Amino acid sequence: MKTLAKSDQRNINLFFGKRNQTTLQKFDSLSHQLRRSRTGTLDYLITHYEWFQNNRSEVIR
Numbered sequence: 001m002k003t004l005a006k007s008d009q010r011n012i013n014l015f016f017g018k019r020n021q022t023t024l025q026k027f028d029s030l031s032h033q034l035r036r037s038r039t040g041t042l043d044y045l046i047t048h049y050e051w052f053q054n055n056r057s058e059v060i061r
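If you read the sequence shown in my numbering, its first letter stands for residue 1, the second for the next number, and so on.
Hints listed in this document are in silico derivations from the structure and should not be mistaken for laboratory results. This structure is a prediction, so every number in the text was calculated from the model and none was measured. Cβ coordinates follow ideal geometry from the N, Cα and C atoms, glycine included. The reader is advised that the hints may include incorrect statements.
The calculated label-pair distances, taken between Cβ atoms and stated as ranges, are [as the list claims (entries may be wrong)]: (1) Asn55 - Lys18: 33 to 41 Å; (2) Arg56 - Asn11: 30 to 38 Å; (3) Asp8 - Arg38: 17 to 25 Å; (4) Ser57 - Lys6: 41 to 49 Å; (5) Asn54 - Leu30: 19 to 27 Å.
Modelling step: build the complete structure from the supplied sequences, incorporating the hints.
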């Protein structure tokens, strides 16, 4: 009997209910436009968000 080594991979399920079908369509469209997988698109969005948070300038009023 073979024992499989534990991997560092983790799974997550995202549920898009009836209210968020538009968001799912936009996400799938972005994935297609970027030519990335859903996981790659999620990574892209997180990376973009982190960059934006680090490089935004404060609004002067």
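>> Could you work out which of the previously given hints the structure breaks and list their numbers from low to high?
In response: none
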